[in-house]
Structure formats: C-alpha cells, structure tokens
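Asker: As you go down the protein sequences, you meet chains R and D in turn.
Its first residue numbered 1, the first sequence is counted upward by one per residue in this note's numbering.
Its first residue numbered 1, the second sequence is counted upward by one per residue in this note's numbering.
If you're looking for bench data, these hints aren't it; they were derived computationally from the structure.
A hint or two may mislead.
[Unchecked claim] Beyond 12 Å from chain R on every Cβ pair, some chain D residues (computed):
no. : residue
1   : Thr58
2   : Tyr183
3   : Ile205
4   : Leu206
5   : Tyr217
6   : Ser221
7   : Ala225
8   : Ala226
9   : Thr263
10  : Ser284
11  : Ser325
[Said to hold, decoys possible] Only pairs whose alpha carbons sit at most 20 Å apart, straight line, appear in this in silico EDC-like list of lysine to aspartate or glutamate:
no. : chain 1 : residue 1 : chain 2 : residue 2
12  : D       : Lys209    : R       : Glu120
13  : R       : Lys109    : R       : Glu120
14  : R       : Lys196    : R       : Asp119
15  : R       : Lys109    : R       : Asp119
16  : D       : Lys209    : R       : Asp119
17  : R       : Lys121    : R       : Glu133
18  : D       : Lys232    : R       : Glu6
19  : R       : Lys66     : R       : Glu6
20  : R       : Lys184    : R       : Asp166
[Said to hold, decoys possible] Over the 10 Å line for every Cβ pair with chain R, so calculated as not near, a few chain D residues:
no. : residue
21  : Val114
22  : Leu126
23  : Pro316
C-beta: ideal position from N, C-alpha, C; glycine also.
Each chain is listed here by its residues.
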Amino acid sequence: MTALLEARSVSRSFGHVRALDRADFDIGPGEVVGLIGDNGAGKSTLIKALSGSLELDEGEIYFGGKPVRLSSPRQANDLGIEVVYQDLALAPHLNPVQNVFLGREIPHKGVLGRLGFMDEKQMRRQAAASFKELGATVRSLNSPVGSMSGGQRQGIAIARAIAWADKVVILDEPTAALGVIQTKNVLESVKRVRDKGIAVVFISHSMPHVLEVCDRIQVLRLGRRVATYPGHGTTVETLVGAMTGALDTREGAA
Amino acid sequence: MSTVANQPAVAAGDADEFGGTQSLLKRVVGLQAFWILGVLIVICLFFTLIAGDRFLSTGNFSLISQNVAVWAVIGVGMTFVIITSGIDLSVGSVLVFSSVVAAKLMEAMGGNGVGVAAIGLVAAILSGMAWGVVNGVLVAVAKVPPLIVTLGTLSVALGLAQVITGGIDIRSVPTELTDFSAYTKILGIPGLPFVALVVLFLGGILLHKTRFGRYTYAIGSNEEAARRTGVKVTRHLVLVYALAGTLAGLGALLSLAQYGTTTIAGQSLTNLNVIAAVVIGGTSIFGGFGTIFGTVVGLFIPAVLQSGFVIIGVQPFWQGVAVGSVLIAAVYVDQTRRAAAMRSARSRGLFKRRGSK
C-alpha cells in the first residue's frame with residue numbers, strides 16, 4: 001500500500017538540539033495513526049514539518065507517493081492537510097460559523113462579492129452541516145466561541161479542519177483539557193472523520209485514548225521513530241515502554 | 001443608523017437547531033451600546049424635563065450634530081483601530097497637519113472656487129492617508145506598539161504643521177467650504193452631519209458586512225489564529241491604520257469648513273475624546289468587539305451633556321466630570337459582564353508588541 005503522507009528520514013535541528021533525527025512517519029488513506037512520545041521526542045516538530053510550518057534540514061516528505069516540498073501552511077492546506085493545534089487557533093469573539101470560515105469566507109454572489117460582501121447564509125448552512133456531520137455539540141451558531149466549553153471549542157476546531165481537509169487531519173492533543181464526556185465526543189468525532197475516508201494523525205499523551213481510536217501507533221523517541229504497533233492487541237505498558245526506552249524495541253517491531 | 005447596529009450575525013428566527021438558544025433580542029440587549037443608548041435617552045429626558053423646548057428642538061439637535069460631525073468621521077476609523085486591539089493617538093495631529101496642507105494649497109491656488117475646495121479635499125485626504133500608512137507600517141511591519149507609534153506621530157505631525165505655518169493659523173478657507181458647513185442642507189440635514197452620516201453608514205457596512213470587517217474583528221480577537229487561518233494580518237493592519245488616517249484627513253477638511261481656519265492649537269484633546277466615545281460605545285479596548293452604532297451613541301453623550309448644561313445654566317465644565325465618570329463606569333460594567341461570559345478571551349495590553357505571543 002502506498003502511504004498517503006509519508007516522512008522519510010527527516011531531520012531538523014534547533015541550535016544544538018536535534019529535534020528530529022532521521023525520523024520516519026507514514027499514514028495511509030482513511031487510517032487513524034497515533035503519534036506518541038515523551039515530551040521533547042519531536043512530535044510537535046514532526047507535525048509542523050508535515051503541515052508546512054517548518055523547513056527541514058534533511059529528508060523528504062511524500063504525498064501520495066510523490067515527493068513534495070511544503071514551505072507554507074497554505075501549500076499543505078491545498079493538498080488537503082489541516083492541523084488542529086492544541087490552542088485551537090479560534091478567535092474567541094467570533095461565532096462558530098465565522099471561525100470555521102475565517103480566512104476562507106464564501107463571497108456573496110455577483111458584484112457584491114467583489115466588494116467584499118460575504119454569503120452569510122451559505123456559510124452558516126455549510127458550518128451547521130459540518131457540525132452535524134461531526135456530531136459536535138455547538139450550543140449556538142450566534143454566540144462567540146469564547147463563551148463555550150472546551151469540548152465545544154474542540155469540536156468547532158475539528159469541524160473547521162474537516163471542512164477544509166479532504167485527505168489528512170492532524171490533531172495535536174485534542175483530549176488534553178477535556179472532561180470524560182467531552183473526551184468521548186472527540187474520540188467519536190475522530191472515528192467519524194475516519195469514516196469519511198480522511199486520514200487522522202492523533203497525537204496524545206493519553207494511552208487509553210490512543211488505543212481506543214488508532215489503527216496503528218507510531219512511537220517517537222529522541223527525534224526518531226522507534227516502534228510501530230497495531231492499535232488492536234497492544235497494551236499501555238508496551239507503549240509506555242517504547243516511549244521511555246524501557247523496552248529496547250527497534251524500528252519494524254510490528 | 002440602526003441598520004448597522006447589530007452584530008455581523010444572521011437574522012433572527014432561524015429555524016435550525018443551533019439558533020434557538022439566543023434570539024436577536026437577547027443579543028441586542030447584551031450589547032453595551034444598547035445600555036448606553038438607554039443612558040443617552042435618560043440624559044435627553046432629564047434635560048427635556050428641565051428645559052423643555054429649549055433643549056428638545058430641531059435647532060438644538062442640529063447644533064449638537066454639527067459639533068459631533070468631525071469627531072464622528074474620525075470615530076469610524078478609531079473604531080476599526082481599537083477593534084484590532086490597537087489605538088491611534090495621532091488623529092488630532094493628523095487632522096491639524098492635513099488641514100494645514102490643504103489650507104496652504106488652497107491659499108496658493110487663489111483661495112476660492114469649487115475646484116480649489118475639491119483640490120483641498122484631495123490634499124487633506126491624501127496627507128491623512130499618508131500618516132495612516134506610516135502608523136500602520138510602524139505598527140504592523142516594524143512591530144512597535146501602537147500606543148508608542150501614534151504617540152510619536154502625534155508629536156511629529158503637530159510639530160510639522162507648526163513648522164509649515166510658523167504656528168499661526170491659516171484663515172483663508174474657500175467660502176464654498178464655509179458655506180457648505182453653514183448653509184447647505186441635504187435632505188434637510190446640514191452639510192457636515194450629512195457627510196458624517198454617510199461615513200458612519202459606509203463604515204458600518206464595511207465593519208459589519210464585509211470580509212474586511214470580519215478580519216478586523218479576527219485580528220483583535222486572536223491575531224495568531226487569524227494569521228494561521230491565512231488572513232494577511234500585516235497588510236490588514238496597515239490598511240486599518242490607513243483608514244483611520246484617511247478619515248482624519250477628511251475630518252480636517254470638515255473642520256476647515258466648520259471653523260474657517262486651521263485649528264492648530266484646538267485639537268489636543270480630539271484623540272482622547274474620540275477614544276472615549278468609542279469605548280463608551282462598547283468597543284473593547286482589548287480588541288475583538290465593537291460596533292459603529294455604539295460609537296455614534298458614545299459621541300452623542302458628551303455633546304448632549306455639553307449642550308444641556310449650557311441650556312439649563314450649569315457650568316459646562318461639569319461635562320468633563322460626567323463624561324469621565326460614564327467612561328469608567330461603562331468599561332467597568334462591560335468588563336465584569338464580559339469576564340463572566342468569556343473565559344478565554346485574552347486581554348492584551350497596549351504596550352505589548354504585536355505578534356509576540
């Protein structure tokens with residue numbers, strides 16, 4: 001199977017710190033892949049590289065089997081890759097619809113659109129549809145997102161990502177600040193995104209969450225992929241062991 | 001002006017499942033501008049009770065709107081700037097500079113005639129715009145805090161205006177301009193307030209209905225989010241400050257028409273008065289929130305107080321006392337209310353560098 005998005009032997013240093021040291025990563029179409037590792041293992045650097053926010057020193061990124069150079073987030077977006085960052089990057093004063101379409105507003109038809117007017121009705125309809133599709137609980141389309149709960153905001157950020165990504169969505173610790181029920185909703189959302197055929201990179205420190213939704217789990221340690229496990233039949237102990245280096249697993253264990 | 005009063009949301013009565021919990025009425029009541037409008041109405045009722053027809057007359061309100069017109073034009077630009085969580089202290093000086101440039105030019109061209117006035121208009125607008133671009137570039141590209149940038153250009157623009165004139169006001173303003181202010185009525189509205197009304201209307205549309213306005217809110221709300229979603233933040237900020245400067249330039253010509261002279265020494269508090277009006281009108285000094293309608297109401301409160309005090313024979317100096325108190329009270333109430341409603345809205349100081357996290 002050709003990987004949809006793949007990093008081959010990518011390296012990146014910041015001063016003396018080698019954040020990525022010939023790291024590999026791959027994800028297939030419609031697959032949920034967990035990306036785990038201790039703090040400083042290189043997860044954030046890797047997703048920045050995969051989403052065009054960071055230039056690499058060495059190594060290549062392949063999209064659909066072809067090498068690509070991602071030098072801006074826009075390029076990644078154009079390929080159908082979206083990232084939901086931990087801080088969500090929502091504008092708290094704007095409502096959910098305005099946030100989903102921020103920077104990509106639908107222009108009004110005709111000459112009004114050229115003057116900068118927007119098709120509010122159409123945007124509202126599409127945003128409502130994507131919230132519904134995701135099963136996101138959005139209290140109101142008119143309230144500012146700053147007045148909403150962490151789970152709702154997470155839902156809005158994910159809905160925004162899938163509204164624009166048709167290939168890969170990268171979720172950076174989507175469950176970190178959430179309660180039990182909200183976490184369950186986010187995990188359900190991940191499954192729904194996968195069911196749409198969109199690949200999901202799921203970054204988390206919570207091993208049970210990773211094991212619940214991921215088809216495969218790739219472990220980073222010291223800037224390198226040290227192991228890949230299937231989502232089924234792997235235990236939390238195994239993952240933690242691989243992350244910390246207690247198990248001396250090598251690449252290709254699975 | 002009520003057409004632009006509402007937030008850039010959709011109409012009430014949407015039948016979809018998300019719209020139900022917050023009706024249009026609720027949202028309007030939630031606006032600070034709504035409450036401030038109430039305060040304004042109470043003030044008007046108070047003066048009407050005491051002074052009767054002397055206060056509540058077309059003539060008096062025509063006079064009040066004359067006095068508000070220049071500030072209203074500047075206030076539109078200021079509203080945009082403050083919504084981006086910026087500030088523009090230089091508007092008064094830019095107004096003086098632009099009026100000096102325009103007056104000098106019109107004087108050199110012979111002093112009278114519609115053509116001369118038109119050239120004066122263009123000159124005032126262009127020099128205002130130039131100052132706005134300078135502000136914008138320094139804020140957005142050089143990333144100097146807006147408070148410092150515009151404090152600097154406040155001083156520079158006023159200084160240059162004084163250098164050009166030797167500090168003496170130029171009194172040769174085309175009679176066409178002064179007549180426009182004194183006699184012209186369009187649809188029954190005096191010239192200056194009519195221009196202000198047009199600017200307010202267009203500004204309201206731009207802020208609440210277009211992508212330009214949406215980005216203005218987004219940058220003030222979360223600059224980093226705006227940048228990451230592909231909004232050209234730097235360019236937009238330059239444009240917003242340019243807009244503020246341009247409107248100060250237009251205000252310069254209106255001021256020339258109103259007073260028949262450049263007002264070199266008379267604009268030192270214009271910036272603060274306009275900022276006070278914008279903030280009283282519910283625009284958040286931390287950015288991300290505000291309406292043009294609120295700014296209009298915020299402008300009328302000091303003007304109505306001033307007029308009312310004069311009519312009922314109270315020392316008009318009380319106006320300053322009242323407006324300052326209303327300003328603080330309005331912001332206090334607004335902050336408390338909003339702190340409860342919005343946990344995550346980050347407040348950002350005016351001294352912070354743009355782009356720093």
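Asker: Given the hint that Lys184(R) pairs with Asp166(R), does the C-alpha gap stay at or below 20 Å?
Answerer: 23 Å, violated
Asker: Would Ala226(D) pass as off the interface with chain R, using Cβ distances and a cut of 12 Å?
Answerer: 7 Å, violated
Asker: Holds or violated: Lys121(R) with Glu133(R), Cα cutoff 20 Å?
Answerer: Distance of about 18 Å is within 20 Å: holds.
Asker: Taking only the CA atoms, is the gap from Lys196(R) to Asp119(R) under or equal to 20 Å?
Answerer: 26 Å, violated
Asker: Looking at Thr263(D) again, its CB stays over 12 Å from all of chain R?
Answerer: 35 Å, holds
Asker: Hey, does Pro316(D) actually stay past 10 Å from chain R on C-beta?
Answerer: About 37 Å separates Pro316(D) from the closest Cβ of chain R, which puts it past 10 Å; holds.
Asker: Please verify whether Lys232(D) and Glu6(R) have alpha carbons no more than 20 Å apart.
Answerer: 30 Å, violated
Asker: Can we confirm that no CB of chain R comes within 10 Å of the CB of Val114(D)?
Answerer: 29 Å, holds
Asker: Beyond 12 Å from every chain R Cβ: check whether that's true for Ser221(D).
Answerer: With a cut-off of 12 Å, Ser221(D) comes too close to chain R, as the shortest Cβ separation is near 4 Å.
Asker: With the threshold set at 20 Å, check whether the alpha-carbon distance from Lys109(R) to Asp119(R) stays at or below it.
Answerer: OK: Lys109(R) and Asp119(R) at ~7 Å, within 20 Å.
Asker: Please verify that the nearest CB of chain R lies beyond 12 Å from Ser284(D)'s CB.
Answerer: Given a closest Cβ separation of 8 Å, the condition is violated.
Asker: Ile205(D): least C-beta distance to chain R exceeds 12 Å?
Answerer: 9 Å, violated
Comparing the model with each numbered hint stated earlier shows that hints 3, 4, 5, 6, 7, 8, 10, 14, 18 and 20 do not hold.
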